[in-house]
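Trainee: Each protein sequence line maps, in turn, to chains A and B.
According to full-length UniProt numbering, the first sequence holds residues 1 to 622 in order.
According to full-length UniProt numbering, the second sequence holds residues 1 to 622 in order.
Since the hints were made in silico from the structure, they are not lab data.
Glycine is no exception: its CB is placed at the ideal position from the N, C-alpha and C atoms.
One should not assume that every hint holds.
To be verified - In silico DSS-like links for lysine-lysine, alpha-carbon gap of 30 Å or less:
id : chain 1 : residue 1 : chain 2 : residue 2
1  : A       : Lys466    : B       : Lys512
2  : B       : Lys127    : A       : Lys475
3  : B       : Lys472    : A       : Lys472
4  : A       : Lys107    : B       : Lys518
5  : B       : Lys578    : A       : Lys512
6  : B       : Lys59     : A       : Lys578
7  : B       : Lys59     : A       : Lys475
8  : A       : Lys512    : B       : Lys107
9  : B       : Lys546    : A       : Lys578
10 : B       : Lys445    : A       : Lys127
11 : B       : Lys127    : A       : Lys578
12 : B       : Lys127    : A       : Lys107
As the list claims (entries may be wrong) - Chain A regions said to be covered by chain B (calculated; three or more residues, Cβ under 8 Å):
id : stretch
13 : 459-472
14 : 593-604
2 protein chains.
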Amino acid sequence: MPLGEKAGFEKSQSRYCGVETEFNDDFPQLLNFNLSTGSFDFVVAPLMNPTYRPSLLEKDGVLPFAASDLVLSPSQWSSHVVGKISSWIDLDSEDEALRMDSETTLKQEIAWANHLSVQACILPPPKGASCANYARCVNQILQGLNNMQLWLRIPLVKTDDDAMDASSTSFIDSWELWNSFRLLCEHHGQLSIALDILSSLPSVNSLGRWFGETVAAAIINTDSFLTNGRGYPCLSKRHQKLITGFFNHSIQIVISGKPAHSIPRPSSDLAANNFDNNGESPQRHSLRPYLDYVGFLFQRMDPLPEQERFELGYRDFLQSPLQYQRAISKALLDRVPDDKASATTVLMVVGAGRGPLVRASLQAAEETGRKLKIYAVEKNPNAVVTLHSLVKLEGWEDIVTIISCDMRFWDAPEEADILVSELLGSFGDNELSPECLDGAQRFLKQDGISIPSSYTSFIQPLTAAKLYNDVKSHKDLVHFETAYVVKMHNIARLTPSQPVFTFTHPDYSNKKSNQRYKRLQFEIPSDTGSAMVHGFAGYFDAELYKDVHLGIEPSMATPNMFSWFAIFFPLRTPVCVKPGSPLEVHFWRCCGSSKVWYEWCVASPNSSAIHNSNGRSYWVGL
Amino acid sequence: MPLGEKAGFEKSQSRYCGVETEFNDDFPQLLNFNLSTGSFDFVVAPLMNPTYRPSLLEKDGVLPFAASDLVLSPSQWSSHVVGKISSWIDLDSEDEALRMDSETTLKQEIAWANHLSVQACILPPPKGASCANYARCVNQILQGLNNMQLWLRIPLVKTDDDAMDASSTSFIDSWELWNSFRLLCEHHGQLSIALDILSSLPSVNSLGRWFGETVAAAIINTDSFLTNGRGYPCLSKRHQKLITGFFNHSIQIVISGKPAHSIPRPSSDLAANNFDNNGESPQRHSLRPYLDYVGFLFQRMDPLPEQERFELGYRDFLQSPLQYQRAISKALLDRVPDDKASATTVLMVVGAGRGPLVRASLQAAEETGRKLKIYAVEKNPNAVVTLHSLVKLEGWEDIVTIISCDMRFWDAPEEADILVSELLGSFGDNELSPECLDGAQRFLKQDGISIPSSYTSFIQPLTAAKLYNDVKSHKDLVHFETAYVVKMHNIARLTPSQPVFTFTHPDYSNKKSNQRYKRLQFEIPSDTGSAMVHGFAGYFDAELYKDVHLGIEPSMATPNMFSWFAIFFPLRTPVCVKPGSPLEVHFWRCCGSSKVWYEWCVASPNSSAIHNSNGRSYWVGL
């Protein structure tokens, strides 16, 4: 039974909670007890007797698997069982015989799990600091695996040594172990993480990294629970916050371990194997209180904000007229003193679309008691039809003149006092706003006002394993050198963002160029530990007029505004940044005779290739 | 005129010497003076007036190029002129106007050089520690360049600070500048190096790195020359050795600078521009003594050793019977005491080929006065024909029995005392020697002798930009996961080699497996500086019998033996190793039911992908 279907979560986003069990060759009983009695959604169960060693097996002996595939239906295997690979295996042992046995067993168990059609198997954590042989073997398996996922179990550990001391032998950061394992396996899409949550947690910055990784499950041992006033299990505030983060990122929870709380009910002395195997009917699953607590945390979560729920499908509708109305009002009041309120201000909306900025302008005029003459310039002939209907419907014929023309080539009959446009992309200047407004400023008076008056792009380094894998799955250069508009979710933002390019309008300077070049240095907080940079989030912030801003840069984003998602610039080869090493990034905006494009690269800690040279993969045509 | 055609050099390997000149718009005169009077082979000459700045040029002005393309023939331009890009350009300046002028000029000059059809242009060195914008611009140019080479000028500088101090600001290693430039340009094949040789040289280890890089030219300034007893220019011993290294690696020499030696001839007071421009006929080129000295160094070189000259084309002929004869003699003497010399020893040559080991065995028998009965087992039916003729020709019919069969499936009529084979590849076990000898040891007596008795493979990390580029040019994964047999030349061996896998024959142990796994740690000497590892050289050493060895591992290679070249294992992404950082490498020999293959990876300083998983790219069929 899912933890509950909450308002704001789609059905596919229900959260599930599993339980880790010991070896049991009676699978139907195991499943019945844990799912029916225990109300868990799935079991994480060993598929092979843990005493098995291939080198001890007699020739032609039958492998000691737990149950045959026939005892459960295929859908039961796939919905309710996650295979747990034998935890004794150690492929990086110094002992060659153990290494050989481990490799044989691992391959046998995965093949068996595949035969059972379970959806995932949990691989035991690497035993030491080195994991290359384990990774080599898993990588071989992954090459031939159909649909099954492999979840590498990783304890959530990071000793918070001083960052400069990272080379000392006592320093442990389990993220590094994961990072080397997945690099050896080339970011394989079917390899993800089962995080073992322990009673103490590393720093918030270091935890944040995991939300950019492909974490499939979080395993919470009963040892990690505290005890509340009534003797029941509960979690520390920091653990609660972490679990809430897992819910938000669709990470499954698994309860593990033996009951560690004496709950005031007779069920607390049930057998270690989680159910009473004396033949009496089990009364209550001894781990049920832990499940109940996790369910409570889930139910207690704030529903998703309205914006999150509705923003899908709104991309093409301008949601920002309110900010524009404010900006236009301020500009009108500045430009036309109260004693000259009867003077007519010429306002041109360039890129009028379906008319939202025309309406915002008229509302600003009404609000301020100023008079407008509006030219609505629009090059899309379909939008022009809509504009004509709107003007007729609203009775604006005397005020609004519709111009069906590309603003760069329009021969305006008079000069404008105010030029209003909304040509911004997620990265500000990525949809030719600079070039279009350069073309339009011809018909703005020398002392005229452009709304927006300026805009700035921002970038921020990300861990984004999922986005990276999506890009990589295309197996070509073009996709690695393209920027993507994305609603970012399973990402870790590694530092605050920094400004990249700024454009100001109007700009009458000599030798004006829309080419830009920026070199940026990011310092990842040292308590984060090492981190993988898969690419950069791009944002913008626009100054519409004076203090009226509009934008999506996270630290100053306009509230309830969902016209723009962020943009993602990937890196062809992700860059691992160690604590104390700055990340140096270069961004270029290049302009050719027929197109505009970005190039980007990392210059430190190591140089990457320059991405998108000459706009070979990604550009906007002029 | 080339520096001379030496015995042992092919014609295409003649070495040339150029001269760097100042700007001169009379190209025919420039060429005539430097080539005819000076005897240089080519000039490195500016193509544009150095006072030119695009921002100062009047609109529609003609660019101040040196000469038009018509003043020389196309073949003169391409054979005798290397373009020198204006040295004032600085694309990473803080001054945006200078940056813009630099980019415009660089693109104009390269376009002009292309129009002239010169073969190469020398780019001035990056001005500071940062070169990203310079690299971005050069990279854009490279994308559209036809055949012309670009040689980035790099001063040969490395301050020999203590390795641990590498992060201090005073530390300079110009290799790092080159490394970041070429990474930004993705190891582009048309980008190479012109090294500026200064009067002091860094450590030998650090110099060694450059021989693995694509160095096209070495520019020696007259300042770097010493003065000999007669007042003539000469070079220090270390410089001489370096120049000899350049000759060996087909690197062109360029003399640069003003004459710095007062040579006891009137020519020493010639004008700074290298020739007398007072209208008098020039008597002697003032840099001629430097050229003469370089020519002297070239002529003085040892001719190439005979082996080097003849080894091409010998790959398929066994060149090692002498070592085998020694090993067989020793084995015969050990096995058959003098008082039993009349006893007959059964010797089987498995993989007899055209018979060299049969002959070596018979010569060993003659040398030691022992009696042999030989079975020559060969599966190639064509070689069997040759064997039959050989036996008949030599009259060996009573001693040698020819068996046309795969040794793994032969049903031998008796057991052998000695089993002789030569199934080794460049990497020892890479041509199925272990599997074949496993199959053959059935018919070896329990106390019998296998020759070879064991063999070991070795690897060694390399800088090998040229090999890497060759592999990369195929643009697919398969070529990056294949090992290549190569006569290695333009490489830098970064550390001594280390042993990888050993096989011993016969091997009667239980549960014998030919799978192997080895983890290796290499320490690059800290005075090398940072270094790029493009892959690994592989070698083998075989113990034929007791102290008789055969092999190609460089530190103990059999002299005058050219049956095997080394093998090259590439890395998909080259790994940059900083001083003090160990390089950890893992190698696997994997065996499946139908094939044998290697997998390899780097685990430190950063994890690479595991190469050739499941033998997907490169394997030997069983």
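Trainee: All the hints need checking, so say for each whether the structure fits it.
Mentor: Evaluated hints:
Distance restraint check for lysine 466 (chain A) and lysine 512 (chain B): the Cα-Cα separation of roughly 43 Å exceeds the 30 Å cut-off, and the hinted pair is therefore not satisfied. Among the hinted pairs, lysine 127 (chain B) with lysine 475 (chain A) is inconsistent with the structure: their alpha-carbon atoms are about 37 Å apart, more than 30 Å. This hinted pair checks out: lysine 472 (chain B) and lysine 472 (chain A) have alpha carbons roughly 19 Å apart, not beyond 30 Å. The suggested pairing of lysine 107 (chain A) with lysine 518 (chain B) holds, with an alpha-carbon distance near 21 Å, which does not exceed 30 Å.
For the hint linking lysine 578 (chain B) to lysine 512 (chain A), the alpha-carbon distance of about 43 Å lies beyond 30 Å, and the restraint is violated. The hinted pair formed by lysine 59 (chain B) and lysine 578 (chain A) fails the criterion: a straight-line CA distance of about 51 Å is larger than 30 Å. Taking the CA atoms of lysine 59 (chain B) and lysine 475 (chain A), the gap is about 47 Å. The hint is violated against a cut of 30 Å. Under the criterion of a C-alpha separation no larger than 30 Å, the hint pairing lysine 512 (chain A) with lysine 107 (chain B) is consistent with the structure, at around 20 Å.
This hinted pair does not check out: lysine 546 (chain B) and lysine 578 (chain A) have alpha carbons roughly 50 Å apart, beyond 30 Å. Our distance criterion of 30 Å between C-alpha atoms is broken by lysine 445 (chain B) and lysine 127 (chain A), whose separation comes to about 44 Å. Between lysine 127 (chain B) and lysine 578 (chain A), the direct Cα distance comes to roughly 28 Å. Compliance with the 30 Å bound is thereby established for this hinted pair. For the hint linking lysine 127 (chain B) to lysine 107 (chain A), the alpha-carbon distance of about 56 Å lies beyond 30 Å, and the restraint is violated.
With a cut-off of 8 Å between beta carbons, the stretch 459-472 of chain A has 0 residues touching chain B; three or more are needed, and the interface restraint is violated. Given a C-beta distance limit of less than 8 Å, the hint that chain B covers the stretch 593-604 of chain A holds, as 3 residues qualify and 3 suffice.
Hints 1, 2, 5, 6, 7, 9, 10, 12 and 13 from the earlier list are contradicted by this structure; the remaining hints agree with it.
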